[in-house]
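Residue numbers (my numbering), protein chains in the order written: chain A, 1 to 114; chain B, 115 to 857; chain C, 858 to 1077.
Rather than coming from a laboratory, the hints here were simulated on the basis of the structure.
Heads up, a few of these hints could be off.
[To be verified] List of simulated lysine-lysine pairs, BS3-like, C-alpha gap at most 27 Å:
id : chain 1 : residue 1 : chain 2 : residue 2
1  : A       : Lys-42    : B       : Lys-320
2  : C       : Lys-896   : B       : Lys-320
3  : B       : Lys-555   : B       : Lys-612
4  : B       : Lys-463   : B       : Lys-392
5  : B       : Lys-555   : B       : Lys-320
6  : B       : Lys-558   : B       : Lys-433
[Claimed, not checked] Computed footprint of chain A on chain C; a stretch qualifies when at least three of its residues, placed anywhere within it, have a C-beta under 8 Å from a C-beta of chain A:
id : stretch
7  : 913-927
8  : 1042-1048
It should be emphasised that the depicted structure is a prediction, and the values quoted were computed from it without experimental measurement.
Note that the Cβ used here is the ideal one computed from N, Cα and C, for glycine as well.
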Amino acid sequence: MSARGVTALAWSFPLPILSIPVTLSHPSLEKPVPKLMADSLKIRILVRPKAGILDPQGEAVRSALPALGFGGVGTVHVGRLIEMEVESTDEVDAMCRRLLANPTIEEYEWEVVG
Amino acid sequence: MNLQETYSALGLSDFEYDRILELLGRPPNYLELSLFSVMWSEHCGYKNSRPLLRRFPNFGPGVLQGPGENAGVVEVGEGWALAFKVESHNHPSAIEPYEGAATGVGGIIRDILAMGARPVALLDSLRFGPMNEERNRYLFREVVRGIGGYGNAVGVPTVGGEVDFAPAYSGNPLVNAMCVGLIRTEDLVRSRATGVGNLVVLLGSKTGRDGIHGATFASDELTEESESRRSNVQVGDPFAEKMLIECCLELLEEDLLVSLQDLGAAGITSSASEMAAKGGVGIEVDAEKVPLRESGMEPYEIVISESQERMLAIVEPDKAERVLEMAERYGLVGAMIGRVAGHGDLRVKSGGETAGSVPAEHLADAPVYEREVVRPPYLDEVQRLELTEIPDPGNYNEVLLRMLAHPNLCSRRSIFEQYDHEVGADTVVFPGADAAVMRVKGTKLGYAMTTDGRGRHCFLDPRGGGAATVAEAYRNLSCVGARPLAITNCLNFGSPEKPEGYYQLAESIEGMAQACESLETPVVSGNVSLYNETEAGAVYPTPVVGMVGVLEDVSRHATPALKREGDMVVVIWSGPEMTLAGSEYLEIVHGKVAGRPPEPDLLAGKKTSDLVRRLVAQGLVDTAHDVSGGGEIVALAEMALAGGLGFEYDEDVLERMIAGPGRGRADVAFFGEGAGDFIVAVSWERWYELQDALAEAPGYDQIGTVGGDRFKIGSHLDVSLQDLREAYERDLFGEPGGAEVAH
Amino acid sequence: MRIGVTVFPGSNCDRDALYAVERMGAEPVELWHADADLKGVDAVIVPGGFSYGDYLRPGAIARFAKVMAPLEYFARSGGPVLGVCNGFQILTEAHLLPGALLRNTGMRFVCRRVRVRVEATNTPWTVLCEPYEELALPVAHNEGNYFADPATLARLEDEWRVVLRYLENPNGSANDIAGICNEGRNVVGVMPHPERVSDPVLGSDEGLRILRSVLAGARV
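Taking the hints into account, I'd like the entire structure generated from these sequences.
Pasting the structure below:
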């Protein structure tokens, strides 16, 4: 972005505020504390179209890549990544079956990542 | 970073900082400085444009609210009124087009909601660089997706708009969104805070660091901490907005609110200080009471955050509980974050201490800059146009097909089909006509709306272009049968600090103001977006006009589509001569942006427009279109395509038309612009009636008849409808390399 | 006759449906998502929109709303239910109708009027239509591409459960399916919006033929 572009940034809506509180009086900056549940497990769930289901998003990506000069791309599938913190993994499968994935068109897998 | 660098980074000049010192009588702290920087910006304070904007007429019959509120309001009859406004989201859309456009739509909807009106229609005026550049195609595609993604989900139909492509917009697209709301006149609310002791309630989404630029991000040291503090691009949540609309409307219906204001630029601070300044009171906000989405936010971050989908309401204490219950019913955050105070300050508290305090009236009193208006030399150069240097293109079949296939003239179907234009079940005339028409349920009333911009014209002649922009909107409403009432505008210009930019701004405003006076359409709301420049230069000066009008009987409206075989097609003249100066033809076919289009004859144009409107409103004519970009032949082709019926131009009339004054050559007659002509069609049975009605027209000609499947213009041009359709109905998103990728 | 219209957070055709119910001469009843109560209505319309923002999958979250329990009971005991657009998506997520609605093959939201043919008139929502009658109805959706496995599709066809079929397929739907019904034929899901064409001033009231069918009190 050019210098003039930055000027435009300063005046067109919405007006971004550069907060650079160094020499002026204002409350001290404290490092943010990430909130985590006690004894929680982090799991990662991958939901994607079942094999053989038409996947127009994947198809669009597949056809866009060669246009950008990336060759040798075979099939592409676009899915959904869900991360959550749980106290136990007992019910993750049930969650996936009932809500997070639609078994008619999607399959899922999950793993504990932390 | 020293003091001067700090306030400069906030966009304040030395002069402005000194004035703050003077007003406060002490140095401001960072939070206070932030308040001034925002409230004195062009967006909130109009410091460069305020003296010029005074030129606009703001009042007229039926105007219930002029500028100064969240939106303007005009009465349409039977106790109904329209609240409407257009606003720019140019820069956010240049950075992140999907979210930039989406949050632009969300923001303008909340402006309408703040008046107490139910948002019922959206329109978008868009400008991009040419489609042969990948970046421009990307911006175009994502902006359209963003508008649809937000508008479709929030349930407000996108019923109209316009798009144009020109090199001047490369890297600096214009994304202007207009919203129209419907309200009973007695239900209007204002944003004035009143009643010391009343509570300030924040409704909507939680507050995060959206739109706040990271503390040390601008400095050269990038640490993990600074990275974690960096600003978030604002992301729109149309679901939350939908809940906010329903919640606020129900709160108003139950009479639970004193006043209402949306949160836009600079969040709580600007909204609260505006509400306080208008009510002549103070507001105290406790930053700790604001529900947060992120941890570790500083008070100044909380109060200037631009998190979307939030509204601020003033509530009487005994009604506060019910307001919070309603918020919960709609799954929204509702929090009492402050109160109305007698001291006149906007005061931010945190942890029991005052984090900043500024008199609200000072925030509302931005300095004003007036500059000299000097005609820039570029105008002499671009206004020169020798017709003899423009070769006759010969094959007019080819010329017409080429013009109809051009992105500036081709069908907008591939855009508007991505927008839900029917939700609400009120849309009578769909996108693709001269203006959108909607009905008011339970009445015969209808209202029409259009957005228009003429960037190229304003570049060639800022004053004439400004006037022509308003006149064009007036003509578009007249074509559908609506009586124009008032306008909103969005002034998209380059830097006012450059003589060229300031001249364009001042002159365009002058032209628009003259037109608004002549056409009796006051300006009731608006928005200014300056500094639209890149290294390559400024955008075309592009004032965009959003005009609304009323139809007494909505069943009597017209569209451009030819409707019946055998209909007589009539051109109604306005008076001025047509010209190739600044025309689409000149740019598309000859690659020239040049000439000085004649200044529109506003009074003659009004007379003809009003006549056309009466023909439609009387039920005599149901087919009407104005001759605009591309000239008469393109207008006729559009009518044939919309109706799926052929047309044949009468040979004798045609030769007379070509030989007409100021013409003498076929291309001027076919593709010339600026004459302000209209084309209407009428059945045989009503031909005599129409002739009677046209007695008061400056002039008219019966030019041909509807029928067949060919488009035939004498011996000059003969194309099948199928060929026309193939050229015109192109998919603007199907360009090479433009394959769509999910967002 | 009292006809309920469910209102989920993010529904945006609920008001249009309530208006259309009035137009067809019945009493509209709003059914709030958080109330497990159908208020004794005689038929239910699940309207379009973006319930819960279409987050996760269209209809996936709405399907667990409180109002859905009595609605499922009503549907399974033969009560007439019409799901329109997002309502159709909700009914498939709730397994009241088979299959699923995928993203349009064109990868774009599509809003236009399309021609459809009425393929089955023996449902409470089509009984007033002529067999194989052609209607022009508006569609407006991002996920209207009907999918079911081949066995289910074959069953739908064999049992004459395809209620509306596109004559010009706007979304890649299997077998050009625009609407289907359940085995009991009382639950119908359609992607086109009949409620949007319920008034001549809007250019057409062809949608009323579908909506008024339920007034005929048909039980098949």
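Hints versus structure:
For a cut-off of 27 Å, the pair hint linking Lys-42(A) to Lys-320(B) stands: about 24 Å separates their Cα positions. Taken as a hint, the Lys-896(C) and Lys-320(B) pair is broken in the structure, with Cα atoms around 35 Å apart against an allowance of 27 Å. Straight-line distance between C-alpha atoms of Lys-555(B) and Lys-612(B) comes to about 49 Å, which puts the hinted pair past the 27 Å bound. Of the pairs offered as hints, the one joining Lys-463(B) and Lys-392(B) holds, with about 21 Å between alpha carbons and a cut-off of 27 Å not exceeded.
This hinted pair does not check out: Lys-555(B) and Lys-320(B) have alpha carbons roughly 35 Å apart, beyond 27 Å. At roughly 38 Å between alpha-carbon atoms, Lys-558(B) and Lys-433(B) are farther apart than 27 Å, so this suggested pair is violated. Counting residues of the stretch 913-927 of chain C whose CB lies closer than 8 Å to any CB of chain A gives 5, so the stated coverage by that chain holds, three being the minimum. With a cut-off of 8 Å between beta carbons, the stretch 1042-1048 of chain C has 0 residues touching chain A; three or more are needed, and the interface restraint is violated.
Figure legend: structure checked against the earlier numbered hints; hints not met, in rising order: 2, 3, 5, 6 and 8.
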